[in-house]
Amino acid sequence: MPSTYPNFRHSVAWLILLMEAVFIVLSYFFASDVDAGFSYPDLQAVSHMLVFGFGFFLTFLKRYSFSSTGFSFLIVILGVQCSILMENVSVLLTEQSLSGTSGAAMSMVAVVISIGAVLGKMNPIQTIAMIVVEIVAFYVSRWINIYLLQASGHVSMMHVHLFGAYFGLAVSSRLSEPPPRSEKNASTPRSDLLSMLGTLFLWVFWPSFNSVLAMERNRAIFNTCLALAVSAVTAFALSALITKDGKFRMTHIRSAALAGGVTIGYAADSIEHPWIAMLLGLLASAISILGSSCLQTCLPTLKTHDASAVHFTFGLPAVFGALAEVVSYVMKIQTTLPSISYEVILSVGAPCFTISAALITGLITGLILNFKLLKPIPVSKYFEDQMYWELFEA
Amino acid sequence: MPSTYPNFRHSVAWLILLMEAVFIVLSYFFASDVDAGFSYPDLQAVSHMLVFGFGFFLTFLKRYSFSSTGFSFLIVILGVQCSILMENVSVLLTEQSLSGTSGAAMSMVAVVISIGAVLGKMNPIQTIAMIVVEIVAFYVSRWINIYLLQASGHVSMMHVHLFGAYFGLAVSSRLSEPPPRSEKNASTPRSDLLSMLGTLFLWVFWPSFNSVLAMERNRAIFNTCLALAVSAVTAFALSALITKDGKFRMTHIRSAALAGGVTIGYAADSIEHPWIAMLLGLLASAISILGSSCLQTCLPTLKTHDASAVHFTFGLPAVFGALAEVVSYVMKIQTTLPSISYEVILSVGAPCFTISAALITGLITGLILNFKLLKPIPVSKYFEDQMYWELFEA
Amino acid sequence: MPSTYPNFRHSVAWLILLMEAVFIVLSYFFASDVDAGFSYPDLQAVSHMLVFGFGFFLTFLKRYSFSSTGFSFLIVILGVQCSILMENVSVLLTEQSLSGTSGAAMSMVAVVISIGAVLGKMNPIQTIAMIVVEIVAFYVSRWINIYLLQASGHVSMMHVHLFGAYFGLAVSSRLSEPPPRSEKNASTPRSDLLSMLGTLFLWVFWPSFNSVLAMERNRAIFNTCLALAVSAVTAFALSALITKDGKFRMTHIRSAALAGGVTIGYAADSIEHPWIAMLLGLLASAISILGSSCLQTCLPTLKTHDASAVHFTFGLPAVFGALAEVVSYVMKIQTTLPSISYEVILSVGAPCFTISAALITGLITGLILNFKLLKPIPVSKYFEDQMYWELFEA
Chain X
1 MPSTYPNFRH
11 SVAWLILLME
21 AVFIVLSYFF
31 ASDVDAGFSY
41 PDLQAVSHML
51 VFGFGFFLTF
61 LKRYSFSSTG
71 FSFLIVILGV
81 QCSILMENVS
91 VLLTEQSLSG
101 TSGAAMSMVA
111 VVISIGAVLG
121 KMNPIQTIAM
131 IVVEIVAFYV
141 SRWINIYLLQ
151 ASGHVSMMHV
161 HLFGAYFGLA
171 VSSRLSEPPP
181 RSEKNASTPR
191 SDLLSMLGTL
201 FLWVFWPSFN
211 SVLAMERNRA
221 IFNTCLALAV
231 SAVTAFALSA
241 LITKDGKFRM
251 THIRSAALAG
261 GVTIGYAADS
271 IEHPWIAMLL
281 GLLASAISIL
291 GSSCLQTCLP
301 TLKTHDASAV
311 HFTFGLPAVF
321 GALAEVVSYV
331 MKIQTTLPSI
341 SYEVILSVGA
351 PCFTISAALI
361 TGLITGLILN
371 FKLLKPIPVS
381 KYFEDQMYWE
391 LFEA
Chain D
1 MPSTYPNFRH
11 SVAWLILLME
21 AVFIVLSYFF
31 ASDVDAGFSY
41 PDLQAVSHML
51 VFGFGFFLTF
61 LKRYSFSSTG
71 FSFLIVILGV
81 QCSILMENVS
91 VLLTEQSLSG
101 TSGAAMSMVA
111 VVISIGAVLG
121 KMNPIQTIAM
131 IVVEIVAFYV
141 SRWINIYLLQ
151 ASGHVSMMHV
161 HLFGAYFGLA
171 VSSRLSEPPP
181 RSEKNASTPR
191 SDLLSMLGTL
201 FLWVFWPSFN
211 SVLAMERNRA
221 IFNTCLALAV
231 SAVTAFALSA
241 LITKDGKFRM
251 THIRSAALAG
261 GVTIGYAADS
271 IEHPWIAMLL
281 GLLASAISIL
291 GSSCLQTCLP
301 TLKTHDASAV
311 HFTFGLPAVF
321 GALAEVVSYV
331 MKIQTTLPSI
341 SYEVILSVGA
351 PCFTISAALI
361 TGLITGLILN
371 FKLLKPIPVS
381 KYFEDQMYWE
391 LFEA
Chain R
1 MPSTYPNFRH
11 SVAWLILLME
21 AVFIVLSYFF
31 ASDVDAGFSY
41 PDLQAVSHML
51 VFGFGFFLTF
61 LKRYSFSSTG
71 FSFLIVILGV
81 QCSILMENVS
91 VLLTEQSLSG
101 TSGAAMSMVA
111 VVISIGAVLG
121 KMNPIQTIAM
131 IVVEIVAFYV
141 SRWINIYLLQ
151 ASGHVSMMHV
161 HLFGAYFGLA
171 VSSRLSEPPP
181 RSEKNASTPR
191 SDLLSMLGTL
201 FLWVFWPSFN
211 SVLAMERNRA
221 IFNTCLALAV
231 SAVTAFALSA
241 LITKDGKFRM
251 THIRSAALAG
261 GVTIGYAADS
271 IEHPWIAMLL
281 GLLASAISIL
291 GSSCLQTCLP
301 TLKTHDASAV
311 HFTFGLPAVF
321 GALAEVVSYV
331 MKIQTTLPSI
341 SYEVILSVGA
351 PCFTISAALI
361 TGLITGLILN
371 FKLLKPIPVS
381 KYFEDQMYWE
391 LFEA
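Chains as they are written, first to last, in this note's numbering: chain X, 1 to 394; chain D, 1 to 394; chain R, 1 to 394.
The set of hints was computed from the structure by calculation and includes no laboratory data. Among these hints, one or two may not hold up.
All copies of an identical chain are treated as equivalent in the list; a pair is satisfied when it fits inside any one copy or across any two copies.
Each computed DSSO-like pair below joins lysine-lysine, with the alpha-carbon atoms no more than 30 Å apart [stated by the list, open to error]:
#  : residue 1 : residue 2
1  : K332      : K247
2  : K62       : K332
3  : K332      : K184
4  : K372      : K332
5  : K184      : K375
6  : K244      : K332
7  : K332      : K381
8  : K375      : K62
9  : K332      : K375
10 : K372      : K184
Bear in mind the structure is a predicted one, so any value in this text is a computation, not a measurement.
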């Protein structure tokens with residue numbers, strides 16, 4: 001394998017160049033007006049989250065920092081072009097852009113979340129194959145959400161967390177498991193601190209993310225701020241309660257601090273009382289931390305390797321957020337509206353559909369990624385920068 | 001003590017959860033319109049300063065980086081809720097919000113400055129107790145400044161540096177002194193660089209901070225930029241003059257680069273000539289560096305341990321800024337206005353009152369924090385992440 | 001030398017103080033209205049690029065991180081005052097500001113690029129001397145570009161990359177060459193990662209930079225985003241093709257990711273089809289990486305030491321961007337306009353003039369910097385923080 005690997009690496013380069021050529025040629029034919037709905041401040045906030053936030057959120061592995069930052073950057077810039085192409089296809093088919101350039105960038109969050117689940121376990125060709133499939137699948141799923149299930153643009157975009165997390169987990173379940181106590185699958189205080197920097201970037205820009213497509217932007221921002229604050233505070237408390245000797249665990253803080261922002265996503269622009277946003281933040285944090293602790297002790301059989309705990313950071317909190325939205329609809333029926341039961345069914349159906357779509361396409365993708373042609377990397381080479389980067393000192 | 005410490009840590013968790021429950025319940029009763037004066041760009045700038053700026057400004061200790069970043073994050077998000085509550089109380093009592101959500105976030109600067117003075121010397125329960133007392137005290141002091149001393153909202157907010165620095169120093173004077181040459185109370189080049197990153201975040205966003213509540217925002221921004229630039233340049237020059245063999249000292253640069261922004265705070269929106277702003281920046285830097293050098297040699301008896309040199313970064317420059325404002329009033333009397341002597345007296349009185357209030361409440365808080373019940377940490381355990389965080393490698 | 005060096009260091013301090021005094025006195029006489037065209041968001045974006053972007057872009061040397069970040073900060077804040085002064089001189093002479101405060105800050109990019117070429121090889125006095133000469137030369141060159149060659153404010157500002165790179169290279173060619181395999185002239189994975197953080201800051205804020213003085217800001221932003229994305233993707237592909245065993249090299253990614261933004265600068269606001277912007281990004285990246293590989297093998301005689309590869313990051317891509325603009329004019333002649341041949345000549349002449357001016361003034365400056373009076377540092381002391389900073393641990 002070492003002798004053929006350089007050739008394989010070159011094929012990565014040609015694949016990337018080929019894709020880039022395709023994008024340029026296609027952009028010639030699509031005389032796009034994607035830039036019509038182009039808002040630079042929104043795009044800036046989303047790109048801060050993608051480039052700094054997720055780029056450094058993933059750098060916690062001690063020997064994988066170049067790949068974490070570098071590949072997530074590569075994936076974002078390659079994926080966003082793929083995503084803009086899908087927007088153009090959507091314009092071609094339905095004469096309507098789904099959500100413009102900012103939306104194309106926001107869709108990349110699904111991809112980066114999935115990367116978090118399989119971090120360090122795939123080579124660049126597998127990664128690129130995965131993101132292309134995922135972007136197409138996510139766009140189809142959004143299209144169905146919007147045109148068949150009548151979800152709003154904002155809500156269908158918030159499924160980005162659900163889709164990303166469960167797609168990533170499904171792919172991860174098809175890859176060989178790393179040995180449980182791998183020396184390389186660990187963090188150092190320094191890499192944890194860098195990862196905390198990434199988390200803080202995500203945390204600070206999350207209100208922007210939740211408000212880009214929202215109807216009432218100011219309310220969405222305010223509610224998201226509240227939920228994020230409460231969920232981060234709760235993270236500290238629960239982390240100390242869960243760990244053996246009452247110390248804080250950085251992984252808990254990282255996951256649960258963001259959980260509130262994920263949960264509040266769906267309803268950020270419709271919640272009218274601050275206390276509801278705060279309560280959702282608290283519960284999201286609890287679900288994230290307790291869920292991680294319960295699932296690992298109660299259901300070890302269900303466990304798939306989840307490198308960055310994306311299930312507990314994005315998956316479960318998003319499920320909970322979707323549930324909370326259903327409850328809010330049900331409560332509205334009892335009080336004001338006589339017959340929005342159709343809306344209730346849809347608000348149950350949309351997330352269920354998204355999760356199913358993510359799991360099914362994820363499993364299929366995972367099977368494809370194991371093809372010999374794609375040269376899946378052996379378990380002994382997991383989590384190593386040295387495979388892909390010139391390093392002059394360890 | 002080791003055997004009882006886990007129990008103690010759990011009580012931290014319950015305390016945090018209890019506070020969070022109180023905040024949620026109270027937010028139910030206060031049907032708040034705090035979000036009326038809610039400006040997201042302002043809030044973003046302030047949260048960048050608090051989360052990135054102060055979070056990393058404090059990471060210079062070699063074994064305390066998790067706690068520096070993590071606890072300052074915890075304190076900001078817990079404190080800002082406390083602060084919003086105080087805004088609501090203010091609305092209840094006076095039917096007027098002091099300064100809205102952005103103001104609530106800006107008040108947190110006082111807290112984070114105080115944390116800088118006692119960094120590494122208090123356990124989380126002491127820290128939480130301190131910030132709650134400090135926020136209440138700061139709000140009462142602002143209330144008196146605004147309603148009794150007729151200070152403007154902007155000026156009363158600029159007292160945040162004065163209050164934070166002297167409150168922190170007063171608390172610090174009541175805590176046991178760390179041994180003078182503690183191996184742990186030191187920085188490494190790497191932690192210093194991270195701290196420089198934090199300082200640069202503060203430096204870049206300082207003009208936003210000085211302009212949030214200012215009347216003439218553009219002038220406040222322009223003057224602050226000038227003062228910051230000159231004070232940072234001067235910092236390099238004076239650092240080389242002060243140190244033994246003419247080398248630059250990172251601590252000097254960090255302190256003095258920010259001193260100009262602190263000093264110009266009061267008058268940023270009223271200074272009409274750029275040269276005045278530049279001169280204030282130069283003098284602020286000089287006061288910060290020479291003050292630190294003089295006080296340590298001339299008045300060693302007055303010295304209290306000041307972990308992050310907050311006295312020279314925020315305290316002295318703020319005093320100088322207040323003095324400069326008095327001088328500007330006095331000069332106006334001589335030239336244009338016949339009888340604003342009342343204003344002069346107030347501009348002397350307000351900072352004096354704020355400093356006294358900070359020192360008195362700080363001393364009382366310091367005494368309370370030494371109660372056995374709060375389990376003050378022994379000097380040998382100062383400056384150690386290991387006390388509070390799960391660390392897998394040193 | 002060690003015995004006299006502290007005295008020399010003190011003279012750095014006095015030089016800085018003297019300059020600061022001159023700036024303050026002159027700002028008293030220039031009753032400036034520079035702040036008329038003052039846009040804080042623009043200034044923020046540029047200062048993010050200068051302080052975080054370039055500050056950390058240059059921190060890749062293993063023992064020079066304090067100086068990289070610290071001195072580039074010093075140079076920016078000292079230089080921007082010098083630059084504002086030149087704006088004022090320009091107002092005095094022509095009754096018109098060249099580009100206001102934001103433009104003064106943007107001009108600093110030339111200086112920081114030049115610093116990149118000579119990184120670690122000059123003492124602070126040489127550095128300060130260099131930047132003062134460079135700022136004056138760049139302003140004169142812009143003045144000639146605008147008033148004699150009729151270039152627009154935007155285009156003349158985009159020459160900042162050309163001027164910075166070739167001025168820096170010319171200066172560097174006059175300094176003694178460091179030994180080819182110096183142990184200190186190397187990076188560690190950690191310093192490379194920090195440098196990547198700086199690069200990402202530059203990358204994210206580049207669209208703002210290209211649009212500050214552009215006529216059609218939204219188009220400039222959109223085209224720059226496209227070019228940057230394509231050039232970063234191409235960087236990964238070409239890096240894997242060029243290196244011996246198909247691995248990615250961080251230096252390639254850093255250089256080529258930015259090349260697209262540099263190239264598109266000139267025409268960002270006039271390109272009408274996204275595919276042109278994307279193609280320019282791809283070619284810029286290719287020129288950056290292939291150029292670096294070709295020049296080092298084909299023309300070793302031409303090679304001057306270029307510490308941060310500024311020739312391939314900023315120089316060549318800017319030349320290519322200027323060429324692309326000429327081509328676009330030529331094509332316009334063939335299609336729509338009968339006689340803009342004068343414009344073609346100017347669009348050839350302006351960059352040629354800028355490069356010549358940069359090379360000539362750079363060579364002269366390099367000669368001056370070798371004067372004994374300025375105490376050029378010996379080769380053995382290159383790339384060392386210890387010369388200028390108090391370090392308590394290596």
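These are the hints, each one checked on the structure:
Taking CA atoms no more than 30 Å apart as the test, K332 paired with K247 passes in neither setting, with 42 Å inside one copy and 58 Å between copies. With identical chains, the CA atoms of K62 and K332 are never at most 30 Å apart, being 49 Å at best within one copy and 54 Å at best between copies. In the homo-oligomer, the alpha carbons of K332 and K184 never lie at most 30 Å apart, since the shortest distance is 51 Å inside one protomer and 58 Å across protomers. When the C-alpha separation of K372 and K332 is checked against a cutoff of 30 Å, the pair qualifies neither within a copy, at 54 Å, nor between copies, at 52 Å.
Proximity of K184 to K375 under the C-alpha cut-off of 30 Å is restricted to the intra-copy arrangement: shortest distance 21 Å within a copy versus 38 Å between copies. Taking the shortest alpha-carbon separations for K244 and K332, neither the intra-copy value of 43 Å nor the inter-copy value of 65 Å comes in at or below 30 Å. In this assembly of identical chains, the alpha carbons of K332 and K381 never lie at most 30 Å apart, being 54 Å within a copy and 54 Å across copies at closest. In this assembly of identical chains, the alpha carbons of K375 and K62 lie at most 30 Å apart only when taken from the same copy (24 Å versus 35 Å across copies).
Proximity of K332 to K375 under the C-alpha cut-off of 30 Å is found in neither arrangement, the shortest distances being 53 Å within a copy and 49 Å between copies. In this homomeric assembly, K372 and K184 come within 30 Å of each other (Cα to Cα) only inside a single copy, at 25 Å, whereas the closest approach across copies is 43 Å.
Checked against the numbered hints above, the structure violates hints 1, 2, 3, 4, 6, 7, 9; every other hint is satisfied.
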